[in-house]
Amino acid sequence: NKSSSSAGGGGGDIKIGLSVSTLNNPYFVQLRQGAEAEAKKEGVKITVTDAQNDASQQVNQVQNFVSQSMKAIIINPVDSSAAAPAVKAADRSKIPVIAADRGVTGADAAQTVASDNVAGGKLAAQELGKALGGKGKVAVLQGTAGTSAARDRQQGFAEGIKAFPGIQVVAQQPADFDRTKGLDVMTNLLQAHSDITGVFAANDEMALGAIKALGGKAGKQVKVVGFDGTPDGLKAIQAGTLSADVAQQPVLLGQLAVQSAVKAAKGGKIEATVAVPVKVATKDNVAQFTNGA
Amino acid sequence: MTEEILRVRGLRKRFPGVVALDGVDFDLRPGEVHVLLGENGAGKSTLIKMLSGAYHPDEGTIFVDGRETTIRTAEDAQRLGIATIYQEFNLVPQLTVAENLMLGRPPRRFGFVDKKAMYARAQEMLDRVGVDADPRAPLESLGIARMQMVEIAKALGLDARVLIMDEPTAVLTTSEVERLFTIVRQLKEQGVAIVFITHHLEEIAQIGDRVTVLRDGASVAEVPADTPEDELVRLMVGRSIDQQYPRERSTQGAPLLEVRGLTRTGVFEDVSFEVRAGEVVGLAGLVGAGRTEVVRAIFGADHYDSGEVLVDGRRLPRGNVTAAMEAGLGLVPEDRKGQGLVLGADIRENLGLVTMRHATHAGFVDRAGQTKAAARVAEQLGVRMSGLTQEVRTLSGGNQQKIVIGKWLLAEAKVLILDEPTRGIDVGAKVEIYQLINSLTAAGHAVLMISSDLPEVLGMSDRVLVMARGRLAGELSAAEATQDSVMALAVGELEETA
Amino acid sequence: MTTGVLRLRKGGSVLSENGSLIGLIVLVVALTLLSGDFLTVTNLLNVGVQAAVTAILAFGQTYVIISAGIDLSVGAVAALSAVVLAWTATSNGMPWPLATGFALLVGIACGLVNGALITYGKLPPFIATLAMQGVARGLGLVISQGSPIALPDSVSHLGDTIGSYLPVPVIVMLVMGVITAVVLNRTYAGRAMYAIGGNEEAARLSGIKVTRQKLITYALAGGFAAVAGIVLASRLASAQPQAALGYELDAIAAVVIGGASLSGGKGKALGTFVGALILAVLRNGLNLLSVSAFWQQVVIGVVIALAVLLDTLRRRQAR
Amino acid sequence: MTTGVLRLRKGGSVLSENGSLIGLIVLVVALTLLSGDFLTVTNLLNVGVQAAVTAILAFGQTYVIISAGIDLSVGAVAALSAVVLAWTATSNGMPWPLATGFALLVGIACGLVNGALITYGKLPPFIATLAMQGVARGLGLVISQGSPIALPDSVSHLGDTIGSYLPVPVIVMLVMGVITAVVLNRTYAGRAMYAIGGNEEAARLSGIKVTRQKLITYALAGGFAAVAGIVLASRLASAQPQAALGYELDAIAAVVIGGASLSGGKGKALGTFVGALILAVLRNGLNLLSVSAFWQQVVIGVVIALAVLLDTLRRRQAR
Ligand SMILES: Nc1ncnc2c1ncn2[C@@H]1O[C@H](COP(=O)(O)OP(=O)(O)OP(=O)(O)O)[C@@H](O)[C@H]1O
Ligand SMILES: Nc1ncnc2c1ncn2[C@@H]1O[C@H](COP(=O)(O)OP(=O)(O)OP(=O)(O)O)[C@@H](O)[C@H]1O
Ligand SMILES: [Mg+2]
Ligand SMILES: [Mg+2]
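For the record, the sequence lines run as chains A, B, C and D. Residue numbering for the first sequence follows the numbering used here, starting at 1163 and increasing by one per position. Residue numbering for the second sequence follows the numbering used here, starting at 337 and increasing by one per position. Residue numbering for the third sequence follows the numbering used here, starting at 9 and increasing by one per position. Residue numbering for the fourth sequence follows the numbering used here, starting at 9 and increasing by one per position.
Hints were generated in silico from the structure; no laboratory data involved. A hint or two may mislead.
[To be verified] Only part of the chain A face toward chain C is listed, based on derived beta-carbon distances under 7 Å:
#1 1222
#2 1246
#3 1430
Glycine included, each C-beta is placed from N, C-alpha and C at the ideal position.
Required output: the full structure, derived from the provided sequences and hints.
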């Protein structure tokens, strides 16, 4: 077997597999980095695959992990319910499965390491409400229609914003988690709603696109709240163009998932859920995020 | 006489920019061969396409068995018992010969295509027209002549009451033509009515009963088939032509094209000859003799295994068309649709294709100059068109052929190779082309001409090479060459003829 | 000469008639050497399951490509059919055989609309089916409200195995493949597809009802897409509005790798099957070899090119 | 008759020669009526900026499609070029004009590889460029480590405006469009593309060096993709490895909407421009009208079909 072996210390011949929902997004790239760094530290071999946001490709990858007799599998589900058959298959082969970032519904993962997207959405609403002083007109940039992240963040935001009767959501449009689309869609929305004072973008990529579209207004007349806490997002906070960012600590998430996977692979007992705290990065506390990552 | 099976009155059809048919009357009786005659673009193909359901008339009526009928689709025509052999093949190159023969009506058993029955039936159909081809072979592996025979066999397979043949003999050699005529005579006896289009006037008396002459989209005369050729020509082109083959011999110079021991295993072997400046050399032979293959190899369009080709004393690299062209070779290919024309492009574009390289300066094409040159050649060849921007696809068959020749005339090649150059061209235009050949040789160029039209080979060549089964069977001077001597070489078993 | 051993009957060989089979064989041999996990029964069955959806879509696509068309909507139609199945079977309590039939009808209807746009509307197939892609994908989202719908157990058994080994998706794939081979080789519709793709005008003038045959062609592609969607959903036990995103490219690639030409008139069921297997084996192998995620795309690209290159080189040698 | 007003010179009109222009006009009129915000100078400039990347990709694609090919790699090549630009200009401190030139060369090199695979390797264009898509996308990810790379300010000015109004991307788009029109109409290479796309064998027998011309064609497409990538990155002030994902389909759609045929020999720069504008106007309009996310795809699909349908209907009436 020629694949690069990062073997070292005590892990010996432990192989674990990680199926990431997509690497088309810096958030998950960071998750992977955290996982790989932790694996190196523990001295286990980790195989990372990219499901390219395709639930069935993810099932394929988990099946392949089973074929390779991985000792533990970490799945970062493309979709919570669609991951069930894959988890069941691994369960049949007695391979522990750790769900990372999103839970699995319809099957039992050994552990779910997640920060809650719905809760994050609510937090974002609170932050935006605070930044706007409880009133104003808000536009929402939605994620790719039909994906669970888009759905959950949207849901959380909608619930959270109800607490601010003075805030009116004047437009919701999809920008597919993409920076270019974020830029184009925001530009277009500004044409129809030039009086927007707040923007919630369901991820940092779209938030950064929106900031580009807002130009000098970003952070001043228009407050933008993002989601994910990617390096570029945190930089925007420092620059003052992004008012708040719901940071999910993907690196930590990846690290914790690998720790649990190694423990489970060695036959140890692990908790059913580990909640990775969702934090809000603002100009005041951004330094602690940038140091951590 | 017997009652008419088909009667056409006042048929009109216009295309953007052209009135193709302008009031045509025509009728057809069972058991007769009715010849349609007319210049290129006179409207012959358009007329028959309206009888076969390919086009719809703008005006006018069609009566079948005395009843007014509209023929909307090819199926309607088939139901009425009308079968058509189109001028441009309507075959599917990727499919097998058998499937082409039964295109759209394969034999079926329990709802599934019965391949065994299909191949058996195909063999019968091929045998009927006497063509040697494997029913299982893909059609594209056949030469153009055998494709024509397949097209004929396909139409005969419909057992129709009316058989329309649009220039079926254009690509056939004498022996195939004779076989076709035998079949036509049998059909006549069975009472089949036949519409026959040809530009070979001598065939009219051989096979025809009546002739309808079309001019500029209108029927101008209906005469018996034994009308003298001169008279037919006069009716057709509006003037008489005194000499069919106006070859003017010019003085011969040094050899411009030398071919030595050219061989491609299994196709042609040890072909050696030369063509001198000022000379027209005819290349005769039966279909499948390998003439096309030889000239394509000379021109660099195909590879060869051994031998060499020299132009003006310099050796050509193998399989390199551009090098051959730069050395002064030109080739008018036999298959105009497949190899000669960009059908979707306009006349100007096609005429300028070969000379485009020379009309290019610093990467930019001199489009104005090209247009002028194209206009000149189109005028010279009498191309019937609505303008230089007409799509070549919509030209009549003969006019398309003129474009293929025209683009090479513009190139002023030192040695021009013509493969069946006058296929489908009317008598008037043929004479134009012959005169152009004369002026080429007079200017010191050379011409190598393949033709299955023996009178043309005999009438225009200074020297005749005859090929049989991939070899040069012999060479005849203009004086020695006659129908009989050429045919003897073409068919004969490599016998020596001095 | 080189392929002499595999020559089965005079004048033709399975190899020379089926494009990239040699590419697939080389790939399988290479992976067997590189990874001990590859050539095991379970893994090969996994490959079969993983190939199933693409292969079924590709079989449908084969009809379209042979008749010189293209269908960009198959992925979206698969997703729509799956959503319709789940929606009717759960929210509306339709018994599953009825719901499955209904989902199939939805696929066929999408195909018929494609066909109608192309024949009556004279739209280029690329545009008509691109439009349908958007419409089908959008309708899937609208019906499902953007959320996956869980499938009732009755249906999701379709994604399971018969006994403990034989996966149903593999069986469905093989059945659809055989159907495709028979349709293409033995039925009037199939032969008409080749004729239309090879020379539409000739087909028309030979009395083939081109409009009707094209409608049949696209309807078949739509029906096959529906089957693929049902298999996909039952594997995941849920119907996802965003499932099979981009699968149309994989399906077209499988058909072309299998030796068909986008200009029509050529193509075979077996070739398509080989093409789909190449793609599935490749993805499976890269996972087994733990190729890094970023390099995977590079490797997939290179191997696809090599697999098809092998075929063209062999063909040139044969001449 | 119906188009009499727009007839500019005898025998031809801008409308009848440029496919879907009428579709675009109808779309613009409809949007103007539906939304007061649509027909403003700023918004139209926005549409221009948003069309720019697709249009530039589509101009490059036009060459390929006219010569009867297809290039699925343009989106990925655009992203790769952008990443290379950002990487050389930041990590390696190359001065920006050099870095830009280098990024351009990368695009052209990708195109040449496509061309070589197609001509020397005899791969179908679909397969060759699909392989390149994977390779270019993968290399972009490898170079950037999957994360966006910020562009130095010197380069990102390319995404700004000249003065306070004139956006550079629009200017670049127009320049590339004019180049395309000139190349196609006036140069040897352009005319050769039409001939090769119309009948490759006839082109070869007329002395056109088909291999060389195809290499030029794909190299142009690659170069244009690089330009598109640079414009895209400078608009965002950052190069994203996953930028322009799926843009190849938009580019092909723009070319086909503009009246080109995937079977080659037909196509125009102006048509492609109109096609790209239709797509951009459509997306802009949907945002302005606040159409719900789920319905957007449906509407895009329907409107594309209608826009092209209008053209075919008009053509049929003219006859
Ligand atoms: N589809 C079309 N569109 C435009 N013009 C057409 C079309 N088909 C035929 N024409 C024109 O109609 C005229 C008659 O063409 P037709 O093919 O009937 O001539 P023909 O008598 O068969 O000539 P030939 O002897 O060269 O075959 C020509 O001028 C031709 O250019
Ligand atoms: N009647 C036939 N029987 C067997 N083989 C044939 C026959 N006709 C043609 N072929 C084969 O098909 C090939 C191409 O046929 P085609 O008719 O183009 O021959 P050709 O030599 O070009 O004809 P021509 O001499 O008329 O130009 C020939 O090389 C020959 O081997
Ligand atoms: Mg004719
Ligand atoms: Mg010949």
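Results of checking the hints against the structure:
1. 1222: Interface hint status for residue 1222 (chain A): holds (4 Å vs cutoff 7 Å).
2. 1246: holds (6 Å)
3. 1430: violated (24 Å)
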